[in-house]
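*Asks:* One line per chain: the protein sequences are A and B, in this order. Using this note's numbering, read the first sequence as starting at 1 and increasing by one per residue. Using this note's numbering, read the second sequence as starting at 1 and increasing by one per residue.
Derived from the structure by calculation, the hints contain no laboratory data. Just so it is clear, CB atoms sit at the ideal spot from N, CA and C, and this is done for glycine as well. Heads up, a few of these hints could be off.
Said to hold, decoys possible - Okay, the calculated bits of chain B under chain A, using three or more residues with CB under 8 Å as the criterion:
1. 20 to 31
2. 73 to 83
3. 145 to 156
Unchecked claim - Here are the simulated EDC-like cross-link-like pairs (lysine to aspartate or glutamate), alpha carbons at most 16 Å apart as the crow flies:
4. A/K12 with A/E33
5. A/K12 with A/D36
6. A/K68 with A/D43
7. A/K68 with B/D73
8. B/K68 with A/D76
9. A/K229 with A/D189
10. B/K12 with B/D43
11. A/K12 with A/D32
12. B/K68 with A/D32
13. B/K68 with B/D88
14. A/K68 with B/D32
15. B/K232 with B/D200
As the list claims (entries may be wrong) - One side only, chain A facing chain B, incomplete, derived with CB under 10 Å:
16. V69
17. A81
18. Y134
19. M151
Listed below, chain by chain, are the residues.
Protein chains: 2
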Amino acid sequence: MNPAVDTGTRRKAVLLLSGGLDSATCLAIARDEGYDCYALSFDYGQRHHAELAAAQRVSQALGVLEHKVIQLDLRDIGGSALTDSTIDVPTEQADGIPVTYVPARNTVFLALALGWAEVLGAQDIFIGVNAVDYSGYPDCRPEFIAAFEQMANLATKASVEGYPFQIHTPLIHLTKAEIIQRGIALGVDYSSTVSCYNADIAGLACGCCDSCSLRLQGFCMAGVNDPTKYRKKRN
Amino acid sequence: MNPAVDTGTRRKAVLLLSGGLDSATCLAIARDEGYDCYALSFDYGQRHHAELAAAQRVSQALGVLEHKVIQLDLRDIGGSALTDSTIDVPTEQADGIPVTYVPARNTVFLALALGWAEVLGAQDIFIGVNAVDYSGYPDCRPEFIAAFEQMANLATKASVEGYPFQIHTPLIHLTKAEIIQRGIALGVDYSSTVSCYNADIAGLACGCCDSCSLRLQGFCMAGVNDPTKYRKKRN
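Make the full structure from the sequences, and use the hints.
*Replies:* Take a look at the structure:
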């Protein structure tokens with residue numbers, strides 16, 4: 001139940017922290033499991049830049065040892081509504097993988113988490129991916145995570161020298177409601193988090209995008225009052 | 001022999017281009033195979049920054065359609081003599097993986113190449129890794145490349161929709177001398193390339209580091225005059 005503490009010494013973990021609901025819960029779980037947590041966020045040109053301020057608040061609230069923000073402008077590559085202002089974020093769910101998919105995003109983010117973990121001497125990487133109440137992104141599925149872990153253990157000096165990496169996905173089989181209930185039990189303050197793809201600079205949510213819908217449904221199904229701050233609609 | 005042309009339409013390939021001898025040869029091979037080449041380089045805080053100017057020269061000489069340079073400061077992560085000025089580049093070969101290893105570098109670079117390839121509609125990625133006359137980096141080995149390709153094909157919208165990616169490593173089983181002979185046959189001007197880990201701003205090589213040694217031996221074994229420009233030693 002508590003792999004980090006059971007070894008007798010506290011173990012370090014690197015955690016991908018977007019500032020949204022899922023990654024905040026994932027961080028609370030890693031901390032509860034006894035890991036010393038190092039949070040990694042990306043300033044990647046996302047239109048919902050307010051999530052970075054949320055990541056900072058969550059890091060402070062949950063006592064991470066270091067919160068690193070890497071500058072990596074994925075607008076150079078484009079191909080996503082989240083990094084290209086000429087592609088609108090959809091307000092209705094469509095069939096297939098939505099235009100908010102960012103090409104290879106989790107591969108890139110996990111690759112940099114792997115590099116930092118190796119430098120820190122950490123063997124554990126946490127990512128709050130979820131394959132139940134999610135948008136259908138391929139890089140949130142268990143088979144992707146398993147393949148990344150296998151690749152990571154061939155890629156690195158640490159793994160070659162006998163210190164393999166493990167990618168932890170504690171949320172992957174939970175519903176959004178179960179994630180929220182788990183986070184509430186661990187004391188996560190969800191009013192600090194920002195999930196909306198169209199969040200304004202103050203972090204106020206649109207209430208219309210896929211991410212807002214999944215979040216709102218999650219609070220409803222969890223029987224928890226939704227602390228999300230929505231911006232007022234124009235009449 | 002010529003997969004890109006055999007399809008009847010020219011195919012796009014993304015190619016990782018450092019500006020060194022291997023990646024220049026790899027680009028020449030991809031072009032010879034009929035691919036329209038898109039070159040990707042990284043300004044990652046490397047001490048041998050002169051390689052980026054070399055990458056630009058090589059791109060122009062070999063007719064790439066676009067040369068993109070992504071800013072990604074790996075000094076934020078550290079852990080390598082190539083990105084940390086407090087760690088000296090060794091002048092003698094030591095046992096094991098050398099301190100010039102950059103944690104997860106090829107994983108990070110291939111991940112971004114994958115993202116760009118997906119946006120371009122390219123299914124082919126070339127990387128000039130070599131597992132014969134090399135420094136022993138784990139992320140240059142065939143088993144790493146195979147694992148990356150498998151992971152990439154679970155990570156992306158394109159592969160889920162039936163357009164899988166292939167990672168090409170045409171140099172992986174060649175000696176350095178064979179690489180040079182191949183490049184000469186394809187018209188590569190190696191005087192444009194920079195391999196030295198300690199290259200100065202003008203691209204002049206130290207002649208002492210592991211990368212210089214492998215390059216010099218390669219030219220010698222290939223029976224080709226070494227066009228590398230070395231800087232004068234202090235007395």
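*Asks:* Each of the hints needs a verdict: does it hold here or not?
*Replies:* Now for the hints, and whether the structure bears them out:
no. : hint               : in the structure
1   : 20 to 31           : violated (count 0)
2   : 73 to 83           : holds (count 6)
3   : 145 to 156         : holds (count 8)
4   : A/K12 with A/E33   : 11 Å, holds
5   : A/K12 with A/D36   : 5 Å, holds
6   : A/K68 with A/D43   : 10 Å, holds
7   : A/K68 with B/D73   : 12 Å, holds
8   : B/K68 with A/D76   : 8 Å, holds
9   : A/K229 with A/D189 : 13 Å, holds
10  : B/K12 with B/D43   : 23 Å, violated
11  : A/K12 with A/D32   : 13 Å, holds
12  : B/K68 with A/D32   : 43 Å, violated
13  : B/K68 with B/D88   : 29 Å, violated
14  : A/K68 with B/D32   : 43 Å, violated
15  : B/K232 with B/D200 : 12 Å, holds
16  : V69                : 9 Å, holds
17  : A81                : 13 Å, violated
18  : Y134               : 14 Å, violated
19  : M151               : 4 Å, holds
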